[in-house]
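Visitor: Hints in hand, dock the two standalone chains.
For the protein sequence lines, the chains are A and B, in the order given. Each step along the first sequence adds one to the number in the working numbering, with nothing skipped, and position 574 is 576. Each step along the second sequence adds one to the number in the working numbering, with nothing skipped, and position 55 is 56.
Hint data in this document are derived by calculation from the structure and do not stem from the laboratory. Any given hint could be a false lead.
If the Cβ cut is set under 10 Å, some of the chain B residues that face chain A in the computed set are [said to hold, decoys possible]:
hint, residue
1, G34
2, L93
3, S113
4, V124
For clarity, every value in this text was computed on a predicted model and none was experimentally measured. Built from N, CA and C at the ideal position, the CB exists for glycine as well.
Take a look at the letters that make up each chain.
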Amino acid sequence: MVQNIFPNFNYFDITGPRIENNPLFQFVLFITACTVIYGWGYFENSSKRNYVLPLLILFGLSMAGLVIANHLLWLYFFWECTSVFSYLLIGTYYEKKESRESSLQALFITGAGGLSLLLGLLLLGEHSGSYYLSEIQLQHFNLEEPIWSTIVVLLLFGIITKSGLLPFQGWLPNAMVAPAPVSGFLHSATLVKAGVILITFLAPVFQEMPLWENSILLLAGLTAWYGAFMALLQNDLKKALAYTTSATIGLIGFASWTEAGNLVAFSWILAHGLYKSASFYFVGIIEKKYESRNILKLRKLFSIEFFDKIIGFSLFFCCIGIPFTASYYAKKHLVDFYLNLFQQNYYAFVLCTIWQSLMLINYFRILVFPYIGTRERYQAMHESAEGFQEKSVKTISIWMKVIPVVLAISSVLSTFKLSQRVTIHASDVGIWEYFTVAVYGLFTLLFFMFYRYHHFVNALGKKLYTEILWKWCYKNKLRMIEKIAIMQTNIVQNGYLRYYLTMFVVATILLLGGSIYFYSETFIRKPVTEILIYELIIVAMIIIAAFMSTITRSRMASIVSLGAVGMGCSVLYLFYSAPDLAMTQFLTDTLIVVVMALLFYDLPRYSRLSSKTDKIRDGIIACIFGGVISILVLSVTDAQIYTEVMDTMLKKTIPEARGHNVVNVILADFRAIDTLGEISVLTTAAIGMYGLLRIRTKKGGDES
Amino acid sequence: MRSIILISITRLMMPMLLMVSLFLLLRGHDAPGGGFIGGLMASAAFCLYGLAFGFQKIKSVLHTDPRVILGLGLLTSLCSGFLGYLMHKPFLTALWFDEGFFNGVINLHVGSPLLFDIGVYLVVVGVVTGIVIAHAED
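Looking at chain B on its own, in the form it has when it is part of the complex (with noise of 0.2 Å):
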């Protein structure tokens, strides 16, 4: 049951929702929005994918295994913490750009928080794609 419909609209609303979802998380740190609820955007358009294309066409979309992104989000995470410790500083510390290190060099108010809510975001994605793909091919 194809609905030209939802397909036509889903093709429509695919890269926006996506836009927004990374504005959502882009934004988080300073307005409502962060790596969870731009994760559950996100995840949000790929599940209207699937009902529009079906869910085994999800991974075509991701261009990946949803357990990959899970793994690299668990990873970036991690990785952000330990960007701590090459600074001789406690595990998880934040650290900015547009200070310490690199002040003055490159003066953008980005830090390592946003690394952390790529790591969030990512994982949501493949929590929430992998259930739902897992499902399908039952």
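So that you can see chain A by itself, here it is in the shape it has in the complex (with noise of 0.2 Å):
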């Protein structure tokens, strides 16, 4: 397996033919850069500014990366670079505990899903042939194949849990701890984008397999349905703007499964990650300026801005997809889709203006209702002027205020991108037409309806949300695996070192023991060749000093027969004819020696701890683990794979390294990227050391 991976895996390919103009790609830097801009405003004179801005650029490179790659691997890497910067973000407010809370929830559903995704894609690299994406996307597969429907399921995990697709969308709102950008941010144009993008890249591949094309159909429909109603329940701004999310997602999932719907799951992707930013950046404004984020409590100010009126109205428009902004024509293609697909299925339709118009609900009460609250209307209902608040406004940022303006402008300029695409026929445009309005309708309706029950529906939610949704299915079974965590840890590391050992032993000796034992199909084929005396001695002599250091009551005693067990095998390996070896292994074990007499120094005298069946006990473990090694040991150096690779190591090192140590020309000129690595991986090791003695001096300084 991990031969067919690597000749052909080239360290900077990682695009191949996708990066040429490939609107995705731009679309992520554009809203990385405005989403850095809007940081640096929102973060004025707060520390958490250093934390939050290197991290969303990292977390925008990644999702950079992840619309890019065509390696699975690559993919795969820069899938789990999402998740991964996703939890420091989410994070960011690490003092609180509802954030390490939140946090630490969104990595352990992505990050079970990205498990389960990168055994979907190996599955699917070593069965289709090839590990690039554009190739596989252009061959056909028996899909029939039970394999194929593990790599789905295995896939569709990864993607279902990135996304946020039921039922694994409970961290999608939690996230929401998060400071306006990266939940903004998050939320627009990367995490949960993620999963829906892998959808579209694989749909040529997958999408005449049921099994797909069912489940996808069903979970993003019910999550988009979910999400629509969910919002309805939230007074939060931002809980309710990642229930939105969440519909959506579920929509562009719901359109990706197929080539067909490719072009419906890229307009929406742009449009929806454009009005979506800037809604929650504007959040992020009235949440700064106003100290508040609930939308009861917000009605109650009168102080609300002109400025802010008018950008909400905006984004409202932007939203719900008014002529000449993005979202139009991304409805456009949706109502062209579903024209498609259900073959003018028009209880398809009804349904689809039906969610339309609880998302206009939502973005309404989002965006609009929160500011339109008057001091004379209210003044008219209560009669009085109590529980009105004149707060003071707060000054933002310049930079805070601009970016969602910006995206707001952009939301309209992308339009000649994607009208460009419109290819809706001139018997649709009255059904296009139908639709429109009959949204339009049917939101206003429901807004009023729903209106005289906000207070009732409000509480349903929160009810819902904190004792269904979080305490039952998530804080259960977390406490349910920790349990599971805590038995399994008491068992295996129960806190002693020797335990640890023989633990460790036994693990290898299974591990290699195993497969040596189903794998080799050979080994010990050579003939022994005639074993001179003086090597007959120094082996002697190097069982013996083994012998020694196990049984002997001085430590030193010990340390000194491993050293001397050492000496023996560099003179062995003098013997045969490999003097770098002996050279490294005999100056090893002299530092070895004096490195632990320093260490062992201190230590108290040997005592018996160990009864007599322990000592068997571990006697025969070893006995077992030696023999195991020396069966590998064997087993290789008679298993001559690769005596091509031999070959022109010795053939070249003369005429193009113009050395003639073989050894060392491989060390320094021909593999010195490795050998790089290794003296990056030492010099790290003695930093790690070097802490840990630290910490250790200046604890006991401490206590002293």
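Guide: Structure, rendered in structure tokens:
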């Protein structure tokens, strides 16, 4: 398997043909830039600026990498990058417990999905014969084979967790504890879009598969409705926005499972990314200025500035898709797609209309409703100004004000790209117009119905959320996993170093011995050559020294005997003409003896802690371990698989590397990049060791 | 516990060991030796010094913190890699004095692999002495 991946694994061929003229790539970078500028203003005078902004940039870059990645493993790499960075970003206010819990939830859910995705991608790569997305998309497979169902299930699990489709959408609204730039970014261009983008990438491969089609249609459809309803129940601006995102992602997923829906999906991804990030940043401004995100509280404020009202209204129009905004064209594509998909089935069309109206109500509640309560109206209703809050408005940075405007404008400008691809026939235009009118009419009707039961509905929403979704669906399960983890840790890692060691050795025996038993065909085919007398003497000395080191009572003697084992080995290397290895072994052993002597200098004397049965058990384990390693070494020396590598290295040493010592030439020239990695690891290890020792010294100092 | 014998021997051996370590480093490309082995040799010499005079004293022989040596070594190796870029060749390409750019100007069979090896040498010395000194301080 490994051999299949690596020979044609070109480190830098990340993108292949996917980078050219990729609107998603430009889109992600654009939103990233906007978010960073907005974040610059948002975190003015805040210590979090230096924490969030670099992470935002990294997050944006990994998302950009994801949309252009061509190699499946690169895709997976960027996918996991977005998971990790989102974890760090959601936990921006890591001082708060809520923040930590939410970020962990996001990491758990997307991380579990990531593992499944990795398996799915590896299987896909193996069974399609190519790890390049552009090649896989062009091929046709016999999707009836059971393996493809497994692949689809694994991939879909990764996708639905990442995109927050049902039943794994719990982390999405909880991620709202993050500051506005982060949540806006998560919900518009990056994290949740990753899943649906992957669906569109894979659509050409799997679109004829009923499992793929049905599961996506079911989950995405449910999510769309669920998000639209849940958003109605929220009074928190950001939570409501989060649920509308859920709903829209559901819609995009609904369209993206087939190649025909790609255009719908892409135009929705672009349009939604623009207006949703703008809405989030707008809500961020409101939150900063008036220090509240509650719709009802905001309604009681009469000091909403004119600028905010204007922005809110215009964003509302961007969201609902009035003509000449991006979402107008996105909706047109959607209608077109539905007409084709359901073959003039008007039930689906009615459902779509109702869904759209619900979304309109949501956007109205978020972007218009809180800011139109005026003092006069309120007084007329309650006949006093009591409960009216006249808060001073906080000033905010100019960068924060600019970005929603920029995004709204680009939402209009991006129509130049989208409108070129509109292919609605003249006969369909009638339907499109009926649709729009129906949506707007229904919206008005539903809104006034809804408004009467506003408080009741919100109480219901709160209860549903805290009782069922958070406590029962997530917390209880998490506690169960924790219990299992504690149980398992108590068995495997119970705090005694000797048990750790035993566990490690036993695991190695099982893994190594198992794989040798099952996979190695033959070993020791070579006849044993003549053994010379001095070799025999050295081997005997090594065995005696090893034995001495286990039975001696003095720690020093044991260390020195270990050193003797090493010296004996290095002499053996010398016999078999490996002077470099011999020298290294010799010096390493000398240094090990010195360092160990230094380390053990302060330790107490040896004492008998283990009983006889323990000793016998440990002895048996040690013998088996030694035996397994010996067999492994023998079979490795016997299996001469890569002779060509050896030959080329030997042949090329003098003409190409101009040196006579093959070992050194390989280390410092042919495979210098490996050596560079090794010395970096060495350095890291040394620094880590140094840090650990420092901690101990400090603690000791405190105690004394 | 200062042993006179150990101290005297160390005084004699230290320069010799260090010279041998340099010798091993320099000849590494053509004969057994190289940066790793040379570095180990040098660290053994410093350990010997530590055994004789106390491990705290190693720092004064090194004239600097081992971590500085560590960093310098890593930097040296990395730089030898970047030399390739200067000649419009891939990262870590071996460059020699007696061929290419300097051919005829400097007639010396020395190249960037040696620089790389020097980096390895320094890293090994830094790691071992650093660990030993840190333990001794503990």
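Visitor: So, for every hint listed, does it hold in this structure?
Guide: Evaluated hints:
1. Checking G34/B against chain A by beta carbon gives a least distance of about 7 Å; that is within 10 Å, so the hint holds.
2. At about 5 Å, the closest approach between the beta carbon of L93/B and any beta carbon in chain A falls short of 10 Å, and the interface hint on this residue holds.
3. Below 10 Å, beta-carbon pairs count as interface contacts, and S113/B has one with chain A at about 9 Å; its hint therefore holds.
4. Taken as an interface hint, V124/B checks out: its beta carbon lies about 4 Å from the nearest beta carbon of chain A, inside 10 Å.
Going through the hint list in order, the structure satisfies each hint without exception.
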